[in-house]
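Read off the chains here:
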Amino acid sequence: MNPHVILRVVSKFLIPLIALFAFYVQFHGDFGPGGGFQAGVILAAAVILYALIFGIDAAKKAVPPSAVRIGMSLGVLIYGGTGVATWLLGANFLEYGVLAHDPSHGQHYGILAVELGVLFSVASVMVAIFYAFGSRQPDLTDEDW
Amino acid sequence: MIPSVLILDIAIMAMLVVVAFAIVRMRSLFAIVMLQGVYSLLCAAWFVSLDAVDVAFTEAAVGAGVSTILMLSAMLLADRQSKPIEMRRQLGPILVVLVTGAALFYAIPDMPAFGAANSPANAYVGMDYIDRTADEIHIPNVVTAVLASYRGFDTFGEVVVIFAAGLGVLLLLGLNGNAGKWRARPNGVNVSSAMLPSAQAATGESVESLANKQSTEIPPAKPNAAKPKKEASKATKGGRS
Amino acid sequence: MFDLIFTHFNYAVVIVLMMVGLYVIFATQNLIKKLVGLSVFQTSVFLLYITIGKVSGGQPPILVESHGGDHALLSEPVLVASAAPVATHSGAYGPEVLYSNPLPHVLILTAIVVGVATLAIGLALVVRIREVYSTIEKDEIDALDYHFNLEGIDG
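First to last, the protein sequences are chains D, P and A. The opening residue of the first sequence carries number 1 in the working numbering; numbering runs sequentially from there. The opening residue of the second sequence carries number 146 in the working numbering; numbering runs sequentially from there. The opening residue of the third sequence carries number 387 in the working numbering; numbering runs sequentially from there.
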């Protein structure tokens, strides 16, 4: 009998809500406190909580390390790619005004893309760091504490 | 009449100082790491009182959440206790800290008062962002606007730094926790990173047994390790011809 | 002199916290405790920045409208963009609202996340040091280094 029944049940209920909250923080960041950095860390926290409760191997099945590795670089690429896109449209690096007809709309699109890049990068790096530390652990029983 | 916010500030500051001194006194690494999380959470509470809601959000998620988890997992791979510090080793650091602190306290009167609206830090560029965000960026959260648009270069640099730090950890530990660990079986002799002298020192064996093992086990493996490759290459050549 | 205590108390507290962190970095030999001290020092610097950016009686730097709902701002962007900027600003947001300085918030927001990434690098180094030296106390590591330098790694 697993001694962590309550932890398992409660976290199964909470982890989807945490992930949902991360996306709320991400896309509501223009209007309230929040943004890519916070959302990325909260999304990573959901994966880390899953790994803590159900074991790191189960977490690696849900979020494979290869996806994490791609996500790390994809975030930086999205951010830099937004800058290159503004270059190609004839403006300076990361000058979002040219992304739409109306400069303030362009700013919206630019901020959205950039925050998405931050989200990918931060969430993947945090999960990758946790995988790196967690996979190196020898197996511990509860009595070891 | 003391404003209620000031009472909150003073209470949080008192708790911060108590927690900081507790970190100095503690020797159990588990307690130290948990206190560091408490310290971050208290800081986050004070950030809310200081109007920095975005920063409080980040500090609560990062400082109290992720960094505590990372420190705990690193602690599991290292030690549970820190050694006590001898008194004579404490005198130098105390002296340095007292002199540095005294110098900083001496500089306090030159700083603007707490909450001053017309201080140099608050008068120019920061307030300019508030005025211009409404017209130029057109989103309510000024922090997001400055972060992503006005200072987009800066944030790009930060993202690259985070990426580089993640790469560094992966190089040091490996995404599957296997960096620096290797195992080979050249010609029937098992060789792995655990047999290296450094790893032997880690398991606490004496230096002599270390030297013996090294002279007996690893050197014979090396010439043998080269042979199978040659044979294999010969075989492939023969197959081609 | 006593006025100074009431108007500059934040700096005094921040300096005390900073010096506690500095003491932990200097005095302790345990590498993980050193990293905790570094993180206490770092958080104190964050506090210094944020307390400087606070404006008494100010609000968090999230613009509020003097009329209309939360998102009414975005429902009529064309109107606002075409109107005269200064007039829009005073009309839509109300010049009477006082905000705290957003610039330190932005600097510290990114510094926190970068701080945890660099902390992870430090912890990874500590883990590798522990695997090689079987200790994370700095004086023991120094003694081992000294031994190996004198006698060679074969001992």
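A couple of the hints might just be wrong.
Rough simulated footprint, nothing fancy, chain D against chain A, three-plus residues with beta-carbon under 8 Å [claimed, not checked]:
1) 427-435
2) 521-532
Just some of the chain A residues that point at chain D, by a computed CB distance under 10 Å [as the list claims (entries may be wrong)]:
3) 444
4) 448
5) 503
6) 506
7) 507
Please keep in mind that the hints were generated in silico from the structure rather than gathered at the bench. Beta carbons: idealized from backbone N, C-alpha and C, even for Gly.
Structure-based check of all given hints:
Judged by the Cβ-Cβ criterion of 8 Å, the segment 427-435 of chain A is not covered by chain D as claimed, because only 0 of its residues qualify and three are needed. Residue count for the segment 521-532 of chain A with a Cβ under 8 Å from a Cβ of chain D: 0. That is fewer than the three needed, and the coverage hint is violated. Given the 10 Å rule on beta carbons, the hint for residue 444 (chain A) is violated: about 15 Å separates it from the nearest Cβ of chain D. At a threshold of 10 Å, the smallest CB-CB gap from residue 448 (chain A) to chain D is about 6 Å, leaving the interface hint in force.
For residue 503 (chain A), the interface hint holds, the least distance from its beta-carbon to any beta-carbon of chain D being 6 Å, beneath 10 Å. Because the beta carbon of residue 506 (chain A) sits about 4 Å from the nearest beta carbon in chain D, less than 10 Å, this interface hint is met. Because the beta carbon of residue 507 (chain A) sits about 9 Å from the nearest beta carbon in chain D, less than 10 Å, this interface hint is met.
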